[in-house]
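Asker: Let the hints inform the model, and build the full structure from the sequences given.
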Amino acid sequence: MTEPTGRRRPTRVALFVTCLGDAFYPQVGEATVRLLHRLGIAVDFPLGQTCCAQPAFNAGFHDQTRLVAQRNLTLFADYEYVVVPSGSCTAMIRLFYPDLFAEDPHLHQQAKSLAARTYELSEFLFNVVGTDDVGAAFAGKVAYHASCHLQRELGVTEAPRRLISRVAGVEACDAEMSEQCCGFGGTFAVKYPEISSAMLEKKIASLQRAGADTLVSCDAGCLMHIAGRLRRQGMDVRVMHLAELLNTGHSAEEPHHASGN
Amino acid sequence: MHLGTEGFQEHARQALKDEPLQNALHLLTNEFVPRRVAAMQALGDPEALRTQARAVKEQAVAQLDTYLEQFADNLDKLGAHVHWAHDDAEARDIITSIAQQAEAKVIVKGKSMAAEEIHLNPHLEELGYEVLETDLGEYIIQLAEETPSHIIAPAIHKTRQQIASLLHDKLGDPYTEELTDMTQIARRALRQQFLRADVGITGVNFAIADTGSIVLVTNEGNGRLSSTLPRVHIALMGMEKIIPRLDDLPVMLKVLTNSATGQKISSYVTMITGPRRAHDLDGPEELHVVVMDNGRSNILGSENREALYCLRCGACLNVCPIYQNIGGHAYGWVYPGPIGAVLTPLFTGLDTAKHLPRASTLCGACREACPVKINIPHMLLNLRRQSVSRGGAPAGEAPLFSLWAWVMRHPGLYRLGLKLARLGQMPFARRGWLGKLPPPFHSWTKSRDFKAVAPQSFRDRWQTTLQYEQPSRNGAGGGHHE
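Line by line, the protein sequences give chains E and U.
If you read the first sequence in our numbering, its first letter stands for residue 1, the second for the next number, and so on.
If you read the second sequence in our numbering, its first letter stands for residue 1, the second for the next number, and so on.
Simulated from the structure, these hints should not be mistaken for lab results.
Where hints are given, some of them may not hold.
For lysine to any residue, the following SDA-like pairs were computed, each having C-alpha atoms within a straight-line distance of at most 20 Å [what the hints assert, rightly or not]:
hint : chain 1 : residue 1 : chain 2 : residue 2
1    : E       : 191       : U       : 386
2    : U       : 373       : E       : 155
3    : U       : 17        : U       : 7
Here chain U is said to cover these stretches of chain E; the calculated rule only asks that three of the stretch's residues, wherever they fall, bring their Cβ under 8 Å from a Cβ of chain U [unchecked claim]:
hint : stretch
4    : 14-23
5    : 41-49
6    : 54-61
7    : 122-133
8    : 194-206
9    : 219-230
Just a few of them, taken from the derived set where beta-carbon distance is under 10 Å, the chain U residues facing chain E [as the list claims (entries may be wrong)]:
hint : residue
10   : 359
11   : 388
12   : 389
13   : 448
Beta carbons: idealized from backbone N, C-alpha and C, even for Gly.
Answerer: This is the structure:
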């Protein structure tokens, strides 16, 4: 194993698990912790955390957004790295927190600092840890769904694809609409259900054309949306978060197991 | 007539059920998008071109007053007339009085979104003028008595069969679905009208400050005929159409045509610098340029200024997953699609158009396609915030988000909330999913299952087991990538 050059490998991070991850997909946070452990990185989980506040922000309620967001400025103030298994919530923190607190110099400084220290999981692994092979193994035809905020707000396009391609046994079968929105959009899916569903139909049709048996993405929101329709249709496609995929081949009972690559 | 913006949800629902529309939109998506992507890639460094084009618009809009003045002075020297219209009514009055002075009966029109914006055709028709659209798409729309559903492809919502029937019904020619024959039918009908027309009205793609030129970009040559054959040419432009220098034109043309239709250059690019001079063989005797504000000054001074950089290429419509599903008419006013969701509230008022900025997943495909990198998703967010501060939030949302913020600020309450949700969902959850949700979330479960709250949240797992696990001491996993 070669160490990334010119940069100290992180030894400790804080996990911001996101509210969707906490309530609906606890296995994503768990896989993230064990994956980071395998890489020799200690994980802290500040228990006071709840939500990044994006739902209120996207709905236009900035006062309410600030109330919730401000807590995160304090909770994560002392960590060199904050890792988030979500492109959407990372974008909220990195792009919009500084704007939200632009009026208050002190908070603005804190927000800019947090923005600079916060990483989405795949970009953290690829750009900061400097790895594209975490020693995972998974047999399946995997299509990648590029979530919108991850690819277009954060500009993270290569990291997840490289990480997926290096999982032993994976046959990458990119759906031709890999970059197309799934129609989730937070409350959009509830406010404009017909349009949202029409978008989802197209996404799923492209998945079928690609012949994928597994869909992988970096955002629990998209996964919940796509899986909800697949389940309703009785379609046999497995839906996984990248963290789960990268943690396959390592049983839950052996969190200390180090990969032998 | 436009559908209006207030009934957006219903219009969108209807559009999703409209089979011919869906077929037409499918073609649009499959043809326009790959064509643009390939064309932009072929330019070598499309990113650099977009940066350059944006810089031109930034400069033009930042010093709009200076460049407009320069443009007007140059037009004046060339013997053209410049008219300033504060709003749509004034623009219509100016155009009407020019037509009156020209004693016009027949008016031909080149394609112009600015003219659509001021609803010029119905106004002129009411006054008794015979007004003829000469862009093929616009002509079809006029025959069908509809409005454009796309910025550069106004009749994109119509299938070939619908257009064939329309031409047959309205013009009396034998029914044909052959594209060449259909084009010939329209061409024959239109050519006669060009010769009869007293006044030609066109839009303006670019107005060049340092030469006083106006530039028309078309594929059918109708803009050139409308601006040269009639005795009087009226060019109507939004005041943001200005670019500082003739030297800026090549890059602007390049990004415009490649983004709009995937063409290296359109079939016709017409540069008009003043009316016909004594030794010219053709051209109009009079050239009138109507520079229209109509709300643009307000946008200029706002956080949504970059909406004024728009070239009206339509690329954002083609890539937008919302537009691809509902088409242009559902947006309810002149400008559809992502840029329409920004412009319509800015032009017609946020209170009636409040659905438009909200009906987006903020996916950002529009920004990626935009030749001048307009940050549409962030402007949609601005508009949502403004709408909320004007009391325009959907019913019940304000108390809901206040409650939400209170819970999210208190982790104990948040935890209690999860517990209650777990209890509440118990009778309904099937293998971790819910088939039905209560209002206001029931619309999710009409077509999709919803994930049940997990029996053990992440924080519970953390507290019971994960926090006691240790990282691997040698950190063996993770080979370094090259």
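Asker: Against each hint, give a clear statement of whether it holds in the structure.
Answerer: Consistency of the hints with the structure:
1. 191(E) with 386(U): Status holds; Cα separation ~19 Å.
2. 373(U) with 155(E): holds, 14 Å
3. 17(U) with 7(U): Roughly 16 Å separates the two Cα atoms, so the pair holds.
4. 14-23: holds (count 5)
5. 41-49: n = 7 at 8 Å, threshold three: holds.
6. 54-61: Held - the stretch 54-61 of chain E has 7 residues with a Cβ nearer than 8 Å to chain U, which meets the minimum of three.
7. 122-133: Check passed, 7 qualifying residues.
8. 194-206: holds (count 8)
9. 219-230: holds (count 5)
10. 359: OK, holds: residue 359(U) within 10 Å of chain E, min 5 Å.
11. 388: holds, 4 Å
12. 389: holds, 8 Å
13. 448: holds, 4 Å
Of the numbered hints stated above, none is contradicted by the structure.
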